[in-house]
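Read off the chains here:
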Amino acid sequence: MKNILIIDDSATSRMLFKAHLPKGHAYAVQEAKDLDSALAANASTRPDLVVLDYNMPDHNGVEVAQRLLATGLDAKLALLTANTQQAVVDEARACGFGWIIEKPITSAGLAKLLEEASR
Amino acid sequence: MILTPAQQDALVEIANIGAGKAARHLSVLLRDTVQMNVPEVCVGQRHELSALLGTAPGDLLVGVRQAAVGMLTAQVSLLFHSEESQQLVRELVGIGLPMVGADTRALEHDAMTEIGNIVVSAYVGAFADLLGGNIRLSLAAYTEGDLNDVLRHLPDEEPDQESFVLLLKSHMRVMKREVDGSLIVIISRANLGVLVSRIDQWLADLQSA
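So the protein sequences, as listed, match chains A and B. The first sequence begins at 1 in our numbering and counts up by one. The second sequence begins at 1 in our numbering and counts up by one.
A hint or two may mislead.
Stated by the list, open to error - DSBU-like mimics (lysine-lysine), calculated; alpha carbons at most 30 Å apart, straight line: (1) A:K112 with A:K76; (2) A:K33 with A:K18; (3) B:K169 with A:K33; (4) B:K169 with A:K18; (5) A:K2 with A:K76; (6) A:K23 with A:K76.
Unchecked claim - Just some of the chain A residues that point at chain B, by a computed CB distance under 7 Å: (7) S10; (8) M15; (9) A19; (10) N55.
In short, the hints are calculated from the structure, not lab data. Being a predicted model, the structure only gives us computed values, none of them experimental. Ideal placement from N, C-alpha and C gives every residue a C-beta, glycine not left out.
I would like the entire structure built from these sequences, with the hints used as guidance.
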């Protein structure tokens, strides 16, 4: 696994994600802030892992994932959200998300995700 | 705008994390799904709060408010329209509190105050955890009335003569009951500097990581 696509409307959140990647990592991280930029990023980079925020304007993270999957996305999915109420978790699981990670991201949490997603 | 785009983005993200945690707690309390939007940042005068919040003059509101003091010094409130709040309160009272021989109205106030305290504490906790500062919260105060009644200064707050405020607003919807509420933070210009300095330091730390 080497290509990661992080989709979050918040530049701060995307920065947090990158700041918590392991030191010296070799991942190529592509960023997207909404559905359109996610579709473009997916077409150009073919990510192995897509990490999505849930609470975004216009489309939530599960809706964005559904649109990506409809265009042929073949990647593992992780939801990164502060909103971990059961309804959101159930919605994400039904869409095929393998990981639900509570914000704020931590180095340990991200390392665990990357290790598990690499299997 | 008094915030740079990076500062505003950071503030919205912190509020988003806080509101997410608050929504989860509310969801557990009410055994219902709570939908939330992306928080908004508004700037205006105190007398414009009604327009900024989208309330009409004379709207009857119920609020639970707490004064935050420290790295975030602000008034933090959970607001519902009066009739809608009764649905939430009855649900909570019905779940957990004995009704026999009790003053139902007092129980409803107590339940609403508890809901507000849990939601506000979860929200404010995200600011403290992320930015690494200390924030003290006053006791939760239950209020009802129009917007002026609900948002007037808490007894232990410093009266703020400045008319400028920065408003952070998160909308929440309790789905099955179709109840809408707002979690709002009102920060005066005088108190904004400390928070912005902390955000700048946090962003600098992130960029150098």
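Verification of the hints:
1. A:K112 with A:K76: holds, 14 Å
2. A:K33 with A:K18: Holds. K33 (chain A) to K18 (chain A) sits at ~14 Å (cutoff 30 Å).
3. B:K169 with A:K33: holds, 21 Å
4. B:K169 with A:K18: It holds: about 27 Å lies between the C-alpha atoms, which stays within 30 Å.
5. A:K2 with A:K76: holds, 12 Å
6. A:K23 with A:K76: OK: K23 (chain A) and K76 (chain A) at ~22 Å, within 30 Å.
7. S10: holds, 4 Å
8. M15: holds, 5 Å
9. A19: holds, 4 Å
10. N55: Nearest chain B Cβ about 6 Å off; hint holds.
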